[in-house]
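Visitor: Spelled out from the first residue to the last, the chains are:
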Amino acid sequence: MQLLDWFTSFLPEWIREPGRFYAYYAETLYLIPLFPFVGFLINGLCRKSISREASGLVACLGSGLACFWAFLCFFAANGPSEVAGTGTDVEFPFRALHAVYANWIEVGSFQCAFGLYLDQLSGVMTLVITGVGTLIHIYSMGYMGHDKAYARYFAYLNLFLFAMLLLVLGDNLILLFVGWEGVGLCSYLLIGFWYEDAAKAAAGMKAFVFNRVGDLGFLLGIFTLFAVFGTVNFVSAPVKVGTSQYPAQANRIERPDPEAVLGAASESERARLSEPKVFLPAEPGLFNYAEALRALTAGKGAAIGNIPLDYNAAAAGRGNLDLSGNLARDVFPNGTVAFAVALACLLLFVGATGKSAQLPLYAWLPDAMAGPTPVSALIHAATMVTAGVYMVTRLGAFFAFSESVLAVVGVVGALTAIFAALCGLTQTDIKKVLAYSTVSQLGYMFLGAATGAFGLAIFHVVTHAFFKALLFLGAGSVIHGMHEEQDMRKMGGLRRKMPITFWTMLLGSCALSGVPFTAGWYSKDEILGTVLAKAESGYGGVWWLLYGLGIVAAFCTAFYTFRLMGLTFFGSCRAGAEKEGRIHESPPVMTVPLMILAVFSLVGGVWFGSGAELPHFVSPLRPSYDTHLGHALNLALTTLAALGGIGLALLLYVQGGKLTKPEPEQGLFYKLSLDKFYVERFYDQTVTGAFRLGSEVLHLLVDVLLIDTLLVYGLGGLVRWIAGLLRRVQTGVVNVYAAGIVCGALLVLYKLLKG
Amino acid sequence: MNWNELYELLPVGVVLGTALVVVFLDLALPKKERYVLSMVAMGGCLLALGALAETYLSIAAYYKSTPPWFAAAGSAPSGGFNPFILGGAFVIDGFGLAVSVVALLAGALSILSSAHEDLDSNLTSGEFYGLILLGVSGMMLLGLSHEFLTLLVSLEIMSISTYILAGARRDTPGAEAALKYLVLGAFSTAFLMMGIAFFYGATGGFSLAPASLKVLEQIPSSGYLLRGALGLLLVGALFKVGAAPFHFWIPDVYQGAPSGVTGLMATGVKAAAFAVLGRLAFETFGLTYSYDWCWVFAAAAVLTMAVGNFLALKQDNVKRMLAYSGIAHTGYLLLAFLVSRNTTEAEAAEQLQNAAFYLLAYGVITLGAFGVVGLVREDGRRLETFDDFAGLAKEHPALALCMACFMFSLAGLPPFAGFFAKFLVFRSAIDAGYVLPAVLGILTSVASLYYYLRVVRAMYLDPVRPAALGQEPVPARCRYAWTSNLVIYGAGLVTLVLGMLPQWLTGLVW
Amino acid sequence: MFYLIRTQEAGTKDEVHDNSVSERARGVAPAMEDFVFLLAAGLCVLSACAIVTCKNPVYSVILMLPFFLGMATLFTLLQASFLAAMEIMVYGGAILVVFLFVIMLINLRPEDLKDDFNFATYFTYVVLCGLVGGMILSFARAGVPHDGPLEKAFAQEIGVLQPDEAAPKEAAAAEGEAQDGASKPAAAPAPAQRKGRAAFGSVGSLGVPLFTQFMIPFELIGLLLTVAILGAMVLSKKKA
Amino acid sequence: MHGWLLLGADELSHWLGNLLTFRLASCLALAGALFAIGAWGVLARRNVLLVLISVELMLNAVMLAFVAFARAHVNLAHVTGRPYAGESGQIFALSIIALAAAEAAVGLAIVIAYFRNKGSVDTREISSMRG
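Residue numbers (this note's numbering), protein chains in the order written: chain R, 1 to 755; chain P, 1 to 510; chain E, 1 to 240; chain A, 1 to 131.
What the hints contain is simulated information worked out from the structure, not anything from laboratory work. A couple of the hints might just be wrong.
Unchecked claim - Computed list of lysine to any residue pairs in SDA-like fashion (alpha-carbon distance at most 25 Å, straight line):
id	chain 1	residue 1	chain 2	residue 2
1	R	Lys432	R	Pro258
2	E	Lys237	P	Asp292
3	R	Lys751	P	Lys394
4	E	Lys55	A	His78
5	P	Lys314	A	Arg124
6	A	Lys118	A	Arg46
7	P	Lys394	P	Tyr289
8	R	Lys751	P	Lys314
9	R	Lys754	P	Tyr289
10	P	Lys214	A	Arg82
11	A	Lys118	E	Val58
12	E	Lys237	A	Arg82
13	R	Lys148	R	Leu45
14	E	Lys152	R	Leu753
15	P	Lys214	E	Lys152
16	E	Lys237	A	Ala98
17	R	Lys751	P	Tyr291
18	E	Lys152	A	Ala98
19	R	Lys754	E	Thr124
20	P	Lys314	R	Lys148
21	P	Lys314	R	Leu753
22	P	Lys314	R	Lys754
Said to hold, decoys possible - Distance ranges between label pairs, derived from CB positions:
id	chain 1	residue 1	chain 2	residue 2	range
23	R	Arg728	P	Tyr489	39 to 45 Å
24	R	Leu710	E	Asn118	54 to 60 Å
25	R	Val729	P	Leu401	17 to 23 Å
26	R	Phe339	P	Leu401	46 to 52 Å
27	P	Gly433	R	Val704	38 to 44 Å
28	P	Gly433	R	Arg692	44 to 50 Å
29	E	Glu219	P	Ser58	19 to 25 Å
30	R	Asp487	P	Leu401	35 to 41 Å
Backbone N, C-alpha and C fix where the C-beta goes; we use that ideal spot for every residue, glycine too.
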């Protein structure tokens, strides 16, 4: 330990003890997104002239420096809060960093500043994004080594990091939305990175369209929240723009004095006195409102009940809660806060289903595997697709107000988890298996969020980022080694040729399957355990059903994961003798990130404490029921499901490793699963077909008839005709011009004479 | 009459003095040294600009809170300063000074862009520069006139100088342009004079001050005379600004005149004529006049926008297209002069400010655009059609870029000055309650994009124009002259700066 | 109504005097005035029509002479004797001659003088111009009613054909007032005004305002003539 | 409002009777008529010189109106409260003579300049720029 001190004593003080430079780090939060942005600019502007080495180095530096700074900021913030009652948990003291750099949009009552906010949630997300992102950048240098658009690739990748960090760090919904659209754009660009291939370009387009559907809901949700609360900021602003002298100001809540309550004369008087008083800061943010609503409704049972919107007057006597969103009375004249908030949350969740590929908007994600494999690892597994989960968690305080909303989230999550897991059982493309697995795991995350323990969802996001990135990168390594072969039926027996890839992927598979004491086990087990606890606590029978679905999905997960392992690494090689000889292990620039991620996949869960600390650290929200973690029944069932699935897969695919036709069964279920339950074909037939028909009709009506015929030819022709007439008047003869003057004079004089 | 007040007209005096100096200097200079004349004339303009600034600052000191934008009755300044100088012949207020600035800039820039012409031609002679300066002095006096006699004489000084300037090159198109301009100008001036006669009959005086109309309380019937006066005056003033249906002269005259003079006519003359219109609309027949006549402006504005834009669509000649676009811009500018009966003095002052901004922005853009058109020539032959501009961007990228800037700005695209100017004008029309003309203005200004972009397309997308006979592409066709380039680059820069930082000007002046 | 005010004001001095002037004006030379007016107006209109319709431009220019003479007569009738002189001198002596000179210089051949007569166009032009004239007439008639103040004021000075005749009277009256002391200062017209009335239309009455109040426009007209001279130089120089 | 053009027979004789006497209204009527004749010339004549002469006719009409009004206003000075109420009209008319002279000089110079180039003074031929 003294040795460590001796080593660190050479470091500058602002690295050794970042906590002492709290204000400094708060003001330099912008550096985190800035580094990748600079990398994007360099790579984007000089993509023609920059050399390969320099391009990769710049990109990795952009990402790595962002990671470095994110860690420093995180550690600077990690300490006891100086301001009491900032909403932070006493168990995990954390001083949120908040800096407002500029007034951004000011339109009427709508004010939105450009500010960054790093609290526990965005801090953890930032660490994951920059950390995993850096590893994937390094890996990409090897994987994309032969691509001709090397600089363009890294420019996009850096731009993605920038947008994702903006999404996570933004201190208001608008900035979040900007980042949200930014990552969508980068996703589109990177899916269609090899745009010469029409199918890949189409996949990019598909992702874009599906996301737009969700974005509409997201925008409506933002509008609704603004309509109710009159702000889009998460937290109240620091005292001064450009500085962070104080962290986000919190509500001051005065708890009732027990003695005064007991000494009250009448029952009504006692009820009045027993309610807490909430005082909001000067410019309250959404969190302030959520907290105030919670505090005010805490004594009234689990649900927040029906708070009338003209709560102002009522609240005036007890605190200064101000729900004076300008539009509130117009939009929800007879509604309640509960209703409005629930509506907003449902709309926001529509956005989340788009971005996080939940039912019914999941279909773009499997197709998104058209992009380069590191992109799949970074964007379509570890970071971007979890933006929906992040957003739900960020606004968890509002989601938690309505059990119905939570139930909707839970049902969608669980159905997605089981559906995608079933689809994944029979896929033959190695990346497709992982893609469906990602969809399934995202379903788990939403299921976790639906229990009201939002931190659990983020915990799973973190562990999932480790092992899914590992699996994708491993798959990429396999594809790289097999020279762009993705079909698992043509693989097999790779464990001797690619030992590092095999062992790291094995660890990742264990984590994904939920083998006890791996990272995935901790997070998934806790999610399922909390669902069980919720079911037990009497939140309706649906939770029992969701728990059951979760267990089955866990079984399927374990099965398809080890089917993948079996088909890829065991048995004999089915690639053909010519190709078999060229199979090789990937270079260290690719395997080292694999090994690092493998370590995290193995111990990630343990490293964050016993698996219980991170969720609580991330989200101070607690479910209102007894979660009773470590439930014996749950422990037994999840372990059984995982081991059962693994065992079955091993039985089928490793024992029969010699089989040349790996898929003998052609039953009904197999076909269903292989064809993804015909959902996409259904989409094609109904939604797309209807759209085609509608657009055809509109094309005829609007384009051909209205615009082409009436406006362009009709109006344009009319203009041309009039212009022709006027040109004939312009004869060039002075007398005619004078006659024009006389006519004009006559008109003016006649009108003036008439009055 | 206090003759010390003549000091306020010092800028005009500087211009006149320079004119005389230039004319006599020409006699003393050998032909080779003629470039000195343009420098002297330019120097005089700059000196006059300085004197203008001095005048502005000296009167601004009297207006502590509100700048002296609109010296109508009732808003006379405090502090003992009387803006109506020389017995009410002239008024020194912000609007008049702004118009003077536009006129001076126009004069200076047209002198600069004519400075590279042949030494043998009239366009570099001392008389030519002298006439430009005399015309500019007429414009300045017209902007400051507050009485019909001085107004008429100033108008004639300006008009006759420009008639001569239009024909100064003494070629056929120039003489034709000058002839048409003179005949129609004299014809419309007759209407204007008849209007003044009626005004005199109604009020017994020539003062533009609204107090003149108080006579109506004692001679009620002369209200009809006054209406006749209004109609005839409007005919004369609308002719000078080139509003439809009095616009016929504009395309022919603009096309035939030398490019520098065309720039002067399109900016300085127009600004001065709009000064007359502004004084009539906001002072004499403005806020206190009981009869609501503003529909004349509204109707003329709509008609002008339509005619200008429609006819510009069908032009093949860039200069003629710019002339028609000038007509269209007159229509937009008329929107700023729409007063309703509810208009307060503060609103009127703001409208005049908007109009002044428009005039300045449009003036700079137009001078630049005509400067570019004036440069494109070949073997002394002027090239003015769209085809002649084909591929200009490859040969002269900087000039083409500036021209594209001017075109976008004229079309009213952000972030150029034209956008902000149009925005101000449309807003003031909507504020005055004339929504339909403003909407039509926006629509026509969208349509105008078509013909402005034709120039840009020709310069950037069309292949280099093949020679008339052979297949060889024509080499450089711009006559390079650093004076013209100075004007063009400067105008391009100002266009961009005014578009991005309009408050740079608005904050400086009002 | 204005007329009443006017007579009351005048009546303070001598009630009958103003009426008598008016009566005398109507009585002494009404027919003569109207006759001269009609003659001059007819001459102007006819010669103007001839100028406009004459085929040969030389005739048109020559016909301008009777037109200007008629105008000068009208100006004299309207007591603008100086202006009448100017009309003859400048228009008849200078402008007309210049026009004639230019026509001679151009020396058009007969085939250049052909005006193709298109009845429809011609008729349209006549109607248009007739309408303009009618408009001006209508405004004038509406603004100058028969017994309106403007018309009355116009008619009151009809009798003062000889300014010298009226001037001594008023001067004597003014002197008498001055001798009376300040008994009725309000009724007395200001000396300048009185002087102006006395010599209205003469060189003296125009000279004073021209060189005091209208000094600036007068000087500007000089500037205008400078412009014209410069312009003539620029335009008529031989091409290089 | 007095009607124009639509006059009954009685009114016509009355109106003509008024016009034929020496009055302000009849002077203005004459001015209007001369103005119209001048405008007619401008519109109808193809010879540019005659067009210029017609403009001179119009200016004379304006002068006539000015002088007629001047005669009325010299007696209305105490109502309008203007110094030199009558004289100013005559001075304006005087200025118009000067303006007309200047305009005529420049106009004729331009005509000569054009004639030197093209040998024509016909307005139909002075129309190379059109459309």
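Visitor: So, for every hint listed, does it hold in this structure?
Guide: Quick rundown of the hints versus the structure:
no. : hint                               : verdict
1   : Lys432(R) to Pro258(R)             : 60 Å, violated
2   : Lys237(E) to Asp292(P)             : 51 Å, violated
3   : Lys751(R) to Lys394(P)             : 54 Å, violated
4   : Lys55(E) to His78(A)               : 50 Å, violated
5   : Lys314(P) to Arg124(A)             : 23 Å, holds
6   : Lys118(A) to Arg46(A)              : 16 Å, holds
7   : Lys394(P) to Tyr289(P)             : 57 Å, violated
8   : Lys751(R) to Lys314(P)             : 32 Å, violated
9   : Lys754(R) to Tyr289(P)             : 17 Å, holds
10  : Lys214(P) to Arg82(A)              : 12 Å, holds
11  : Lys118(A) to Val58(E)              : 21 Å, holds
12  : Lys237(E) to Arg82(A)              : 47 Å, violated
13  : Lys148(R) to Leu45(R)              : 16 Å, holds
14  : Lys152(E) to Leu753(R)             : 24 Å, holds
15  : Lys214(P) to Lys152(E)             : 20 Å, holds
16  : Lys237(E) to Ala98(A)              : 24 Å, holds
17  : Lys751(R) to Tyr291(P)             : 12 Å, holds
18  : Lys152(E) to Ala98(A)              : 31 Å, violated
19  : Lys754(R) to Thr124(E)             : 23 Å, holds
20  : Lys314(P) to Lys148(R)             : 49 Å, violated
21  : Lys314(P) to Leu753(R)             : 37 Å, violated
22  : Lys314(P) to Lys754(R)             : 37 Å, violated
23  : Arg728(R) to Tyr489(P): 39 to 45 Å : 40 Å, holds
24  : Leu710(R) to Asn118(E): 54 to 60 Å : 40 Å, violated
25  : Val729(R) to Leu401(P): 17 to 23 Å : 37 Å, violated
26  : Phe339(R) to Leu401(P): 46 to 52 Å : 57 Å, violated
27  : Gly433(P) to Val704(R): 38 to 44 Å : 39 Å, holds
28  : Gly433(P) to Arg692(R): 44 to 50 Å : 48 Å, holds
29  : Glu219(E) to Ser58(P): 19 to 25 Å  : 24 Å, holds
30  : Asp487(R) to Leu401(P): 35 to 41 Å : 54 Å, violated
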